[in-house]
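J.: Under the working numbering, the first residue of the sequence shown carries the number 249, and numbering increases by one thereafter.
All clues given are correct.
No more than 30 Å apart at the CA atoms, straight line, and that leaves these computed lysine-lysine pairs for BS3-like:
| # | residue 1 | residue 2 |
| --- | --- | --- |
| 1 | K427 | K404 |
| 2 | K349 | K504 |
| 3 | K503 | K427 |
| 4 | K427 | K504 |
| 5 | K389 | K406 |
| 6 | K389 | K349 |
| 7 | K404 | K349 |
| 8 | K549 | K504 |
| 9 | K349 | K406 |
| 10 | K504 | K489 |
| 11 | K504 | K535 |
| 12 | K533 | K549 |
| 13 | K389 | K427 |
| 14 | K535 | K503 |
| 15 | K406 | K427 |
| 16 | K489 | K535 |
| 17 | K427 | K349 |
| 18 | K389 | K404 |
| 19 | K489 | K503 |
| 20 | K427 | K489 |
| 21 | K489 | K533 |
| 22 | K535 | K549 |
| 23 | K503 | K533 |
| 24 | K549 | K503 |
| 25 | K504 | K533 |
Across the chosen pairs, the derived CB separations fall in these ranges:
| # | residue 1 | residue 2 | range |
| --- | --- | --- | --- |
| 26 | K406 | H545 | 47 to 55 Å |
| 27 | K406 | L538 | 51 to 59 Å |
| 28 | K549 | H472 | 43 to 51 Å |
Honestly, the hints are just simulated from the structure, not real lab data. Ideal Cβ placement from N, Cα and C applies to all residues, glycine included.
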Amino acid sequence: MQRRKQILHFDDINHSHEIMGFSGRTDLPDFHVYTLEETYPSTRQVMPPYTLRFYCLLLLEENSQDAVIELNTERLAGPSNTISFQSPGHVSAWIRGEAQKGFLLYFQPEFLSQYVVSLLEDFPFFRPTELHILPLTSTEKATLRDHFLRLERTFKNKQHPYRVPMLQGLLLTLLFDCKGLYESYCTRQAHSSIHPSLAAQFLQALEQHYLTQRTVQAYADLLHVTPNHLSHAISNEIGRKAYDLIVDRVLLEAKKLLYYTDLSVGEIANYLGFEEATHFTRLFKRKLALTPLEYRHHATKQHT
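Sequences are here, hints too, so could you generate the full structure?
T.: What follows is the structure, given as structure tokens:
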């Protein structure tokens with residue numbers, strides 16, 4: 249895929265369908281679910297980088313080896329038997345294969361606004377800093393497929409008087425089932441969970457303030473705890489230092505801007521809140537062993 253000068257952004261579900269070439273439309277402004285098979289043959293084969301204001305779930309039962317999915321700066325080829333999660337802030341791009349089967353689901357945050365849930369806190373797979381593609385066993389895939397089938401049937405039953413609240417309830421059930429799968433997967437990967445609430449609050453605060461706050465002290469103040477207590481909680485639950493997560497979030501944004509845009513290093517440094525571009529370059533090279541321009545050249549060459 250060629251690097252584009254700008255990243256497309258979609259606030260509206262039907263508008264994203266229009267640009268992607270998908271002929272389907274939703275009558276509900278905040279929700280849509282459909283099968284990948286429905287996207288043929290109208291949907292464009294190559295989609296340049298884009299972000300969404302809304303959330304997306306993709307259950308990929310079968311994939312083509314010629315298909316490619318990019319999430320942020322990670323390229324994935326042929327990820328059959330997976331479910332992936334995209335939230336506002338993720339950058340996606342794809343090359344569509346000819347044998348993909350599964351389901352796509354979009355929903356705006358407002359669709360679940362009447363429920364006492366925090367999408368980023370309650371469902372960690374939506375956080376840009378977390379794992380957002382889960383491999384599935386055959387049993388897990390069958391369970392999720394049943395969820396998507398019920399959602400699809402309910403969505404198409406436009407005459408049902410309780411269609412929307414039923415969709416909301418079914419969506420929440422799906423999300424909590426995905427949360428269970430996510431936690432099970434993390435447990436199998438030997439992650440611990442000692443202070444989940446504080447760690448979740450930290451990651452949520454990081455998403456809101458990473459452009460302006462760069463110290464553990466600043467986030468400890470926001471969360472009304474001591475820096476040592478915050479660092480201990482993050483280290484025990486996530487297995488990494490809080491400061492490293494802060495830096496990694498800044499560098500993730502930097503990598504997206506370097507790969508997906510033509511902004512200069514100085515412009516990117518300014519956007520990320522660095523007083524001097526040299527400070528940004530020094531940090532980037534120390535963490536990634538490449539200068540920003542070297543990373544741009546390497547990433548573009550590798551993904552072309």
